[in-house]
Amino acid sequence: MRRLILATFLFAAGLADAADTVPTSAPVDVPDTMAERVKPCVACHGLEDRVGRDAYYPRIAGKPKGYLFNQLRSFRDGLRYYRPMTLLLANMTDQYLLEMAAYFSELKQPFPPPERMAASPAQIKLARQLIHQGDPARQIPACVQCHGNELMGTAPFIPGLLGLPRIYMIAQFGAWQNGGLIRGQTADCMSEIAKRLTTEETNAVAAWLAAQPVPENSGPAITLPVEMARRCGSIVQSATVQ
Amino acid sequence: MKRRIAVVIALLVGLAGLAAMGTSFTLIGAPPPGKTANAPKTIFTKQSLSRGAYLARAGNCMGCHTAQSGPAYAGGRSLSTPFGTFITTNITPDKETGIGHWSEEDFWKALHEGKSRDGRPLYPAFPYTEYTKITREDSDSIFAHLQTLAPVAQRNPPSQIKFPYNYQLLLSVWRAIYFKPGVYQPEPGKSAEWNRGAYLVQGLGHCNACHAERNLLGATAGDDDALGGGQIMGSNWYAPSLTSRVEAGFTHWRIDEIIQLLTTGVSPQATTSGPMAQVVMESLQHLTKEDARAMAVYLQSLPESNSLAVMNGPAMTEQVQAWFRQGATIYEKHCQDCHGVSGQGAPGVYPPLAGNRSVTMTPPINAIRSVLNGGYPPSTTGNPRPYGMPPFAQTLHDGEVALVLSYIRNAWGNHASLVTTAQVDKSREGITLK
Numbered sequence: 001m002r003r004l005i006l007a008t009f010l011f012a013a014g015l016a017d018a019a020d021t022v023p024t025s026a027p028v029d030v031p032d033t034m035a036e037r038v039k040p041c042v043a044c045h046g047l048e049d050r051v052g053r054d055a056y057y058p059r060i061a062g063k064p065k066g067y068l069f070n071q072l073r074s075f076r077d078g079l080r081y082y083r084p085m086t087l088l089l090a091n092m093t094d095q096y097l098l099e100m101a102a103y104f105s106e107l108k109q110p111f112p113p114p115e116r117m118a119a120s121p122a123q124i125k126l127a128r129q130l131i132h133q134g135d136p137a138r139q140i141p142a143c144v145q146c147h148g149n150e151l152m153g154t155a156p157f158i159p160g161l162l163g164l165p166r167i168y169m170i171a172q173f174g175a176w177q178n179g180g181l182i183r184g185q186t187a188d189c190m191s192e193i194a195k196r197l198t199t200e201e202t203n204a205v206a207a208w209l210a211a212q213p214v215p216e217n218s219g220p221a222i223t224l225p226v227e228m229a230r231r232c233g234s235i236v237q238s239a240t241v242q
Numbered sequence: 001m002k003r004r005i006a007v008v009i010a011l012l013v014g015l016a017g018l019a020a021m022g023t024s025f026t027l028i029g030a031p032p033p034g035k036t037a038n039a040p041k042t043i044f045t046k047q048s049l050s051r052g053a054y055l056a057r058a059g060n061c062m063g064c065h066t067a068q069s070g071p072a073y074a075g076g077r078s079l080s081t082p083f084g085t086f087i088t089t090n091i092t093p094d095k096e097t098g099i100g101h102w103s104e105e106d107f108w109k110a111l112h113e114g115k116s117r118d119g120r121p122l123y124p125a126f127p128y129t130e131y132t133k134i135t136r137e138d139s140d141s142i143f144a145h146l147q148t149l150a151p152v153a154q155r156n157p158p159s160q161i162k163f164p165y166n167y168q169l170l171l172s173v174w175r176a177i178y179f180k181p182g183v184y185q186p187e188p189g190k191s192a193e194w195n196r197g198a199y200l201v202q203g204l205g206h207c208n209a210c211h212a213e214r215n216l217l218g219a220t221a222g223d224d225d226a227l228g229g230g231q232i233m234g235s236n237w238y239a240p241s242l243t244s245r246v247e248a249g250f251t252h253w254r255i256d257e258i259i260q261l262l263t264t265g266v267s268p269q270a271t272t273s274g275p276m277a278q279v280v281m282e283s284l285q286h287l288t289k290e291d292a293r294a295m296a297v298y299l300q301s302l303p304e305s306n307s308l309a310v311m312n313g314p315a316m317t318e319q320v321q322a323w324f325r326q327g328a329t330i331y332e333k334h335c336q337d338c339h340g341v342s343g344q345g346a347p348g349v350y351p352p353l354a355g356n357r358s359v360t361m362t363p364p365i366n367a368i369r370s371v372l373n374g375g376y377p378p379s380t381t382g383n384p385r386p387y388g389m390p391p392f393a394q395t396l397h398d399g400e401v402a403l404v405l406s407y408i409r410n411a412w413g414n415h416a417s418l419v420t421t422a423q424v425d426k427s428r429e430g431i432t433l434k
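Residue numbers (this note's numbering), protein chains in the order written: chain X, 1 to 242; chain H, 1 to 434.
Simulated from the structure, these hints should not be mistaken for lab results. Be careful, since some hints might not be right.
[Claimed, not checked] Computed Cβ-Cβ distance ranges for the label pairs, DEER-style:
1. H/P82 / X/A137: 34 to 44 angstroms
2. X/V30 / H/G63: 26 to 36 angstroms
3. X/R83 / H/L49: 48 to 58 angstroms
4. H/T85 / X/N178: 17 to 27 angstroms
[As the list claims (entries may be wrong)] Among chain X residues calculated to face chain H with C-beta under 10 angstroms, some are:
5. P27
6. D29
7. C44
8. L87
9. Q145
[What the hints assert, rightly or not] If you want a taste of the chain H side facing chain X, the calculated C-beta under 10 angstroms gives, among others:
10. G182
11. Q185
12. D337
13. C338
All C-beta atoms, glycine included, are put in the ideal place defined by N, C-alpha and C.
With the rest of the complex left out, here is chain X:
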């Protein structure tokens, strides 16, 4: 018995000793790169499709630089409201955020395969109609007008719409409709358009977009039509680095 107690004691002491070891290892070698610096972003916006418990994390690789910069700045300043992003980006300069935006805009990443079409033939027809023609009677422009003929966005401020999860897009439509996506910057643009769309329409558009394959070797369009540039002027103007 005494031996057992002694053994237990020695074992515990050994463990305690191990825990007391003073670190002698050399400092971790940290590459002086942007890839290393944006590790916190990649935790959610990584290569793999990630679905967290509270949100869907959209891909950010290859999105237009100005768009990404606008989002980063809006998150930091609480204009686009998602608290985890606001907390992560507190106390960052515009300059550094712009550098991050540039990094991700140039990052090439394979797209996930398209989702299975979650829409009826009638819904598909509705989606196509809105995407390519819009509804002029209700002042709803076609999606392609701003987001490009290939729906891959328009540099530098308009994001692409392909390769995104359906659920994420539905959530974004909801946020635009509630005026909560980007506060103070929505008076003349996407918020207005989203508010004119019915739930039926947004669901159809999201389902159709998520089921489209991403065209190979494609990228954002270069210029925005004059009319849309005027209509969405606030986005363009607000994107200068302070």
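Starting from the known structure of chain X, fit chain H onto it as the hints suggest.
Relative to the frame of chain X, chain H by itself:
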């Protein structure tokens, strides 16, 4: 101290009684009849203006007097406290909504005596308990600078102060007990540099507004326990003690590393985060070399509050060892890449966890926050492109966060209490949800 609390309680009871009898307190809190002296506007020199701009930075007036993404100095930021929600005021020179009508005398009274232009006592959410140490000359310079800002017409909602704190008599009583106006008096035996540092730390920098425990009536510890650390009101951050060797005391630090931490946000031994990162970003990085050094010299000289303190880990029961093994597995998977196999980190880039006091200090709330929310140190002139920590709120469950933190707090020579799932859960409130 106990007696003081007893006195306060007695006063509170008395006040409640008076209130019940329907006595009106308005007379006492009312602005004095007549107008405040309309002192002729001083002509400010260019020198005093740029000095004022510098001092306003050093005092970080903007930090509180600016709402998130709102115009600078136009107020509107809310500070939630157990006494109610305070909304900061517009201090741009707008005549209607700001302090355009104020004289430098009015401004001095606010800073030095904690009284508004109309004579009403101010709540100590405005740190006049510290600002009272500011010299008249500095006060005038800051005022001169504020008067040169572009006026912003922004009317902020009034503060929502809870009963019974909304009674101004109570505030007057509070002031009688806890507030002693007085400009900083240099200590004759100390160097000019040390005294400058003390002036900045105790007065303009108002470090004690956060780095001290507040009692039930919101008063910070007096001179004896100044900078002793405390949870920041209305936030889930703990401002560590600047006098304790087991928290953030600087006694054993090199002066240049203290300066580095204050002005760049990172140092080999520590990294600023949360509210302190904001203070570095908005205020401290703009200090002159001399002022930063003065602060460092003063902070390093502070007597240790508990020089014998040692960290106590849990008893190594079998259960605890099993937890540590689980924690170690989580550590290897999620933390080790950056913080190293033995918690050595990459000093100045990824903070070492071995021997890191913000990891081991008794309240674990900052460490929990860091794991849940991640974050970057401030992007400053001295460290413009900081490396950051990913948030884990989305990946790890509360129990896993508790396990990995308990392990880190007891590995590589660290000894600290275990972190519980409940503590993590409490920290998570309002973080993952919108």
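Against the structure, the hints:
1. H/P82 / X/A137: 34 to 44 angstroms: Between H/P82 and X/A137, where Cβ atoms are some 56 angstroms apart, the hint is violated.
2. X/V30 / H/G63: 26 to 36 angstroms: Given a distance of about 31 angstroms, which is inside 26 to 36 angstroms, the answer is holds.
3. X/R83 / H/L49: 48 to 58 angstroms: For H/L49 against X/R83, whose Cβ atoms are near 39 angstroms apart, the range 48 to 58 angstroms is violated.
4. H/T85 / X/N178: 17 to 27 angstroms: For X/N178 against H/T85, whose Cβ atoms are near 25 angstroms apart, the range 17 to 27 angstroms holds.
5. P27: Hint on X/P27: holds, closest Cβ of chain H at ~5 angstroms, below 10 angstroms.
6. D29: Where the cut-off is 10 angstroms and the nearest Cβ of chain H is about 7 angstroms from X/D29, the hint holds.
7. C44: holds, 6 angstroms
8. L87: holds, 4 angstroms
9. Q145: For X/Q145, the interface hint is violated, since the closest Cβ of chain H sits about 30 angstroms away, which is over 10 angstroms.
10. G182: violated, 34 angstroms
11. Q185: Violated, because the Cβ-Cβ distance from H/Q185 to chain X comes to roughly 35 angstroms (cut-off 10 angstroms).
12. D337: Hint holds; H/D337 Cβ to chain X Cβ min 8 angstroms, cut 10 angstroms.
13. C338: holds, 6 angstroms
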